[in-house]
Amino acid sequence: MASLESAGVILRLINQLKRQVTVTDLVDHLAMPKSSASRLLRQMADEGFLERDAQTRAFGPALMILELSRLVRSTTQLFPLLQKALQGLCVRSGHTGYISVLDGTEVLVLFVQSGTHPLQLMTYPGHRSPAWATSTGRALLALESDDAVRERFSGELPSVSANAPADVEALLARLAEVRLQRYAHALNEAISGVGSVSCAVSDPTTRERLAFCLSFPSADADAASIQALALDLMTEASGIGRLVGDPAWAH
Numbered sequence: 001m002a003s004l005e006s007a008g009v010i011l012r013l014i015n016q017l018k019r020q021v022t023v024t025d026l027v028d029h030l031a032m033p034k035s036s037a038s039r040l041l042r043q044m045a046d047e048g049f050l051e052r053d054a055q056t057r058a059f060g061p062a063l064m065i066l067e068l069s070r071l072v073r074s075t076t077q078l079f080p081l082l083q084k085a086l087q088g089l090c091v092r093s094g095h096t097g098y099i100s101v102l103d104g105t106e107v108l109v110l111f112v113q114s115g116t117h118p119l120q121l122m123t124y125p126g127h128r129s130p131a132w133a134t135s136t137g138r139a140l141l142a143l144e145s146d147d148a149v150r151e152r153f154s155g156e157l158p159s160v161s162a163n164a165p166a167d168v169e170a171l172l173a174r175l176a177e178v179r180l181q182r183y184a185h186a187l188n189e190a191i192s193g194v195g196s197v198s199c200a201v202s203d204p205t206t207r208e209r210l211a212f213c214l215s216f217p218s219a220d221a222d223a224a225s226i227q228a229l230a231l232d233l234m235t236e237a238s239g240i241g242r243l244v245g246d247p248a249w250a251h
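Residue 1 is where the sequence shown starts when you use UniProt numbering, and the numbers rise one by one after that.
Certain hints may be false.
Said to hold, decoys possible - Pairwise CB distance ranges (calculated):
| # | residue 1 | residue 2 | range |
| --- | --- | --- | --- |
| 1 | Arg42 | Gln227 | 21 to 27 Å |
| 2 | Asp167 | Thr206 | 44 to 50 Å |
| 3 | Gly8 | Ser154 | 35 to 41 Å |
| 4 | Arg39 | Leu68 | 22 to 28 Å |
| 5 | Leu172 | Phe111 | 26 to 32 Å |
| 6 | Ala250 | Gln43 | 47 to 53 Å |
| 7 | Ala176 | Leu243 | 24 to 30 Å |
| 8 | Thr105 | Arg207 | 15 to 21 Å |
| 9 | Ser159 | Leu231 | 31 to 37 Å |
| 10 | Ser145 | Ala224 | 31 to 37 Å |
Unchecked claim - Calculated lysine to aspartate or glutamate pairs in the DMTMM-like style (CA-CA distance at most 25 Å, straight line):
| # | residue 1 | residue 2 |
| --- | --- | --- |
| 11 | Lys84 | Glu67 |
| 12 | Lys34 | Asp232 |
| 13 | Lys18 | Asp146 |
| 14 | Lys18 | Glu5 |
| 15 | Lys18 | Asp53 |
| 16 | Lys18 | Glu47 |
| 17 | Lys34 | Glu67 |
| 18 | Lys34 | Asp53 |
| 19 | Lys34 | Glu51 |
| 20 | Lys84 | Asp103 |
| 21 | Lys34 | Asp246 |
| 22 | Lys34 | Asp46 |
| 23 | Lys18 | Glu106 |
| 24 | Lys34 | Glu47 |
| 25 | Lys34 | Glu5 |
| 26 | Lys34 | Glu106 |
| 27 | Lys84 | Glu5 |
| 28 | Lys18 | Asp28 |
| 29 | Lys84 | Glu208 |
| 30 | Lys84 | Asp232 |
| 31 | Lys18 | Asp46 |
By construction, these hints were calculated from the structure, which means they are not laboratory data. These numbers come from a predicted model, not from an experiment. Yeah, the Cβ is synthetic: ideal placement off N, Cα and C, and Gly gets one too.
Input sequences plus hints: build the corresponding full structure.
Dropping the structure here:
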């Protein structure tokens, strides 16, 4: 395995495990020889990609990676618009908010805005969830054609919960509802006890597609409260969509 490829594999492992990694992690998870694992981690630290914890001796992302992450967000027009809107939504609702992007068959959290609700149900930037079983995932998938969704997924979907779509045809039925309603919602799907409502916005100039959502305890959810959150989200999405020229929010 080439050094560049190995570095990518190590960074993906850190993201997957959501923690710093050790030589043992590389041996156990990547079947990498111990000597190679030790050498690669030291090289990545020497080049500024990783830094080593002085106490645990584990390796995690260095400042360079964090700076690059901020640079990616700062070069997009859509992200700061959604970020500002989400801050207002979280203040008004008290719920936690997220901005996410579609990545393969998963959604990746880019930003988290804390709410004021006493029970905070939070995941963190870098967290991945199955796209078919989340409101943000379905809001983004609904922007694609049915054929494109079929190409992205095939056959039975991995079982997540009884409330999540079991196969692609069930997913497509949910996406048809999302396109009609202009928002997606999920209850007790990817995470038990959690509900969420989401809208997606696309920028035709940059071809960015992002979704933002409000997340809440599913025990507190009823049809009226979900609809109220959806209306607030759609109002914000519509304003941003018209600003960036998203045809889905043109009227």
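Quick rundown of the hints versus the structure:
1. Arg42 / Gln227: 21 to 27 Å: Because 55 Å falls outside the window, the suggested range is violated.
2. Asp167 / Thr206: 44 to 50 Å: Since the Cβ atoms of Asp167 and Thr206 sit about 33 Å apart, the hinted range of 44 to 50 Å is violated.
3. Gly8 / Ser154: 35 to 41 Å: 25 Å, violated
4. Arg39 / Leu68: 22 to 28 Å: For Leu68 against Arg39, whose Cβ atoms are near 24 Å apart, the range 22 to 28 Å holds.
5. Leu172 / Phe111: 26 to 32 Å: Once the Cβ atoms are compared, 29 Å apart, the range 26 to 32 Å for Phe111 and Leu172 holds.
6. Ala250 / Gln43: 47 to 53 Å: 51 Å, holds
7. Ala176 / Leu243: 24 to 30 Å: 27 Å, holds
8. Thr105 / Arg207: 15 to 21 Å: Between Thr105 and Arg207, where Cβ atoms are some 20 Å apart, the hint holds.
9. Ser159 / Leu231: 31 to 37 Å: With Cβ atoms ~33 Å apart, the hint holds.
10. Ser145 / Ala224: 31 to 37 Å: 33 Å, holds
11. Lys84 / Glu67: With a Cα-Cα distance of about 21 Å, the restraint between Lys84 and Glu67 holds, given a limit of 25 Å.
12. Lys34 / Asp232: At roughly 53 Å apart (the allowed maximum being 25 Å), Asp232 and Lys34 break the hint.
13. Lys18 / Asp146: At roughly 33 Å apart (the allowed maximum being 25 Å), Asp146 and Lys18 break the hint.
14. Lys18 / Glu5: Roughly 20 Å separates the two Cα atoms, so the pair holds.
15. Lys18 / Asp53: 15 Å, holds
16. Lys18 / Glu47: 22 Å, holds
17. Lys34 / Glu67: Given pair Lys34, Glu67 is violated - Cα atoms ~30 Å apart, limit 25 Å.
18. Lys34 / Asp53: Holds, at about 19 Å.
19. Lys34 / Glu51: The hint holds at about 19 Å.
20. Lys84 / Asp103: 23 Å, holds
21. Lys34 / Asp246: 50 Å, violated
22. Lys34 / Asp46: Roughly 18 Å separates the two Cα atoms, so the pair holds.
23. Lys18 / Glu106: 16 Å, holds
24. Lys34 / Glu47: Cα-Cα ~20 Å, so holds.
25. Lys34 / Glu5: The given pair, whose Cα atoms are some 17 Å apart, holds under the 25 Å limit.
26. Lys34 / Glu106: 31 Å, violated
27. Lys84 / Glu5: Cα-Cα ~37 Å, so violated.
28. Lys18 / Asp28: 16 Å, holds
29. Lys84 / Glu208: 17 Å, holds
30. Lys84 / Asp232: Satisfied, since the Cα-Cα distance of roughly 14 Å is no more than 25 Å.
31. Lys18 / Asp46: 22 Å, holds
Figure legend: structure checked against the earlier numbered hints; hints not met, in rising order: 1, 2, 3, 12, 13, 17, 21, 26 and 27.
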